[in-house]
Amino acid sequence: MDERSRFLADAAAQRRERELERIQADISVKLQALARGYLSRRRFVNGIRTTISEKLSAFTDLEKSGKVLLSNDEVLKWARLLLRIKKLPEDNEIFAQLCRHIILSLDSSAKETNWATMFLNKSTIVAASKVISDIICVIPQSLMYISGARVAEVKTWQTFVHFLVVLNSCNGWLLVRNAPQVQKVLNDLCSKMCCSLGEHANFSRLANSLFLASNDHKPVLSAQALNALFSILMKSVKNDDSLIPLFISQVLTCPAIVFHLNKANLDAFITSGLFNRCLTHLRNSSDIVESIEPQKTINLLGNVIHLGYLDEETVKGRIVDWTWVIGLAMAQCTEFAVRPGEQSSHNHWHPIFGHYKLPIDPKTERSLRNVLRQLQMLWSYRIVCRLFDKALEGVDQSRPNGHVPVKDLGATFNKLWKKLGGGSSSEPVGEMEKETPPTLAAVVCQLYMTALSTMGNMKNEIIAGVCREDRILRQLWSYLIRWGGEGRSSSPSSSPSPLNAALALLSRPQSPHVAPLTLFADAAAIVISILDEEELYEHAVPFPLEELVHIARFCNYFCFRAVWGGYVDDRTSNYGLFSSIHNLCMVLHVRDSRRSFVNDPKFWLAPDVKSSVLMGEFEKKTSRGVLLMRKLSHLISLKERMLLFRKFVSADKSSIESSATLITVARNRLVEDGYRQLSMLSTRALKSTIRVKFVNQQGLDEAGIDQDGVFKEFLELTIKQVFDPALNLFHSTAAGVLYPSATSSVHEDHLALFQFVGRILAKAVYEGIVVDVQLAPVLLAAMLGGRRLCAFDELSQLDPELYRNLTFVKKYDGDVSDLSLTFSIDEDFMGKINTVDLIPGGRTIQVTNENKIDYVHRMAHHRVFSQTKQQCRAFVSGAQSVLNPAWLFLFAPYELQFIISGYSSDIDLVDLKKHVQYYGGFHGSHRLIKWLWEIVEKDFTADERRLFLKFVTSCSRPPLLGFSYLEPPFSIRCVEVSDD
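Taking full-length UniProt numbering, the leading residue of the sequence shown gets 1, the next gets one more, and so forth.
One should not assume that every hint holds.
As the list claims (entries may be wrong) - Below, a list of computed lysine-lysine pairs in the DSS-like style, where the Cα atoms sit at most 30 angstroms apart:
1) K720 <-> K869
2) K639 <-> K653
3) K357 <-> K235
4) K130 <-> K238
5) K869 <-> K357
To be verified - Simulated DEER-style distance windows between Cβ atoms:
6) D61 <-> T271: 32 to 38 angstroms
7) S593 <-> E801: 22 to 28 angstroms
8) S285 <-> S453: 34 to 40 angstroms
9) S905 <-> S507: 43 to 49 angstroms
10) D61 <-> S285: 53 to 59 angstroms
Derived from the structure by calculation, the hints contain no laboratory data.
All residues carry an ideal CB built from backbone N, CA and C; glycine is no exception.
Use the sequences and the hints to build the structure in full.
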């Protein structure tokens, strides 16, 4: 490039540089102008804001004293400016001060300071109403930024609500208080100024504010402010049906909002028909509930239940719609409830639903206590009586009005049934067409069944609420009899028609008629299990004994027919209708075994089918034979089952080929030596022959004739020591029954000791050795594989004092909360008090009349089962290592006690003499032997004969199957002695 070109290029570059500098200078000038303008405007705005704040600085509260009101013109000027320069949330406090000034001015006697005069003057009415309308528009926006975390925020919040209330009506304004004609005009103006509150956006903001205010155990706002906010929302909805969906989804989902409303608001809500309108809308537009967040659905459920609790006429008049809404909301909650057996580490604990798929929203956790109180109203005395009185109306009269479906309601009931979870879309159309439509009674029962499946954590409380009134259970049973057909039969060969109808339901689990029968069975089982003998037998609660016999027969026949007829199998027998009726059957059977109410020894035996047929099915291992024996072993006589048990044991013994095991035991170290040597043996070796050599105190082997008697003596002495309460492994009740000690952990490896005790007791049963040990039914039930027993019933034997105390709570006529009880128990362990919660957070949950039955059940369950759960588990583990669990389910707990310790009846001397073995020259006709039997038979009393038997066999009770099964056999030996 030549010199000329370089010159031109440099000149061009310099021009571009000068142009860039000029542009930058222009931009700088403009930016500086903008910045100066912004800063100037900000100073101006801040100056206005500061001026307004200074003018209104005295209005930090609504106290009249010490405050000088500004003139209306001045307030109008500053209000306009503030509305133009507003910046939220920074200006919230200044707006609050302005609102307080206007509120106070309306009580001023001076016209120049009373804001009401602005509405009475033609020249200012437009400007004044515009300012008020704009402020009312700003308030919902301001409330969006208020969380209530600080006291100052709550104060501002309440001021805004107060302002909206005061400007909603002029009836309280001083200047027009006694001018009804003027009030009418001004109230119309107030309605126009507040019309923006009915806009969907502003309505939602106010509703969210109400949710925040009620979202705690105690409302953040004052009761007056909260009720005022609700009344504003309710007024907006009264004349605008388009706001009903928003009212339902945003106001009725506020946690326990009904709890916080005053009487005026509640009356207005009900009498204005708004509750009815909400029910109608929910009934016709179920998608509203489906669109609500699951965590808020429970709030809607609680509020609708609470409103139904308060509004008797609506529940009675619109029972179908009210039940529909509850079922709809409950169905949403059920979707996320975890069913039994489906728990996983991904589930969350919910105080209402138990295991739940969704975590608790931290924002609503504190309000759950109030929501729970609302849900409890569903099974309160008032609601239960209203629903069942309507559903079972006329059931006790000659014409069964209460259960005949109304034609016009058939389709409605079918839809409602499906909403409650009682229907299935997969059910064949043909089957659905054959099914009679659900009755109102079926719908109500399904409502409570849905509640039980959704809120399984409160099952006992719900059932207790449903059957708090005895007549409801009786009416429900009458309804079931009518539904199944007239008439009963006491003959096994002619089954009652309700039985046939009930059996048919097993093949139609989605039938609407399953719910009443299932609910009846669940409720009756819980009620009967918690009654004492005086209530059940003397006072005939809840059924007369004659009716109880009919129910027992129905349950026994139903369970037998269901299994024998193939209606249920091993999988389906653990849930549903069969499980509920089987549970009731077992409760009644246990009750009858303690104190008979049927007065028929063959009542519980299988109808129509010989026991030999049933035994044959079981021995062939058919599915129905095995299931029948596991679920309903009482259908076969105890003697036949005992023979079958010994048959199993004999077969097991013959299959074991093992040499005898010799153990050496010191007399003064029976338990220690036995535990050390037997614990090391395998199950096979323990089942085989065990020889025992005793060592005396001098360390010498004892001489003796070993015909299994030495081992029996060892077993008896060891069992006597380990079950001795002084050892503190077991505790003895006043009735003499034994159960694990709650303080057994003072022993090192106490669980291993329990396992050892279980093994040696099982060895005694295995060998047919009867021992004098009376175990608590709860421990016997555990040995049988967890047979269900009623904890409260067993508590009468284990802890009579606690039983009396809980009975007092159960029967207490006053307010149980006066007793200051909680769902917790204080346990004293070696002088240290430990508080155990019966339910999560139980020490903070008060016992009330509504939940006292649940408290009784949980307290009894803890005392009977939970407190010694580990000890029982170890004991059962040892016992079942010797005795096959498949053998044990042949028996009920009280029957297993017979196997362990024999009958408590008098000795059958004929049987004993028949099976005695003589040695050394003795025989049945020997003179000395005749004298012996004559003295035992004629001179001894029954108690002395039992003592004689204890002396010769170490047990005062004869074997269950007679002395032919005594191990080792009773023998009398003639021993020659020298004259010396």
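Open item on the list: Please list, smallest to largest, the hint numbers that this structure does not respect.
Closed with: Violated hints: 3, 8 and 10; rest satisfied.
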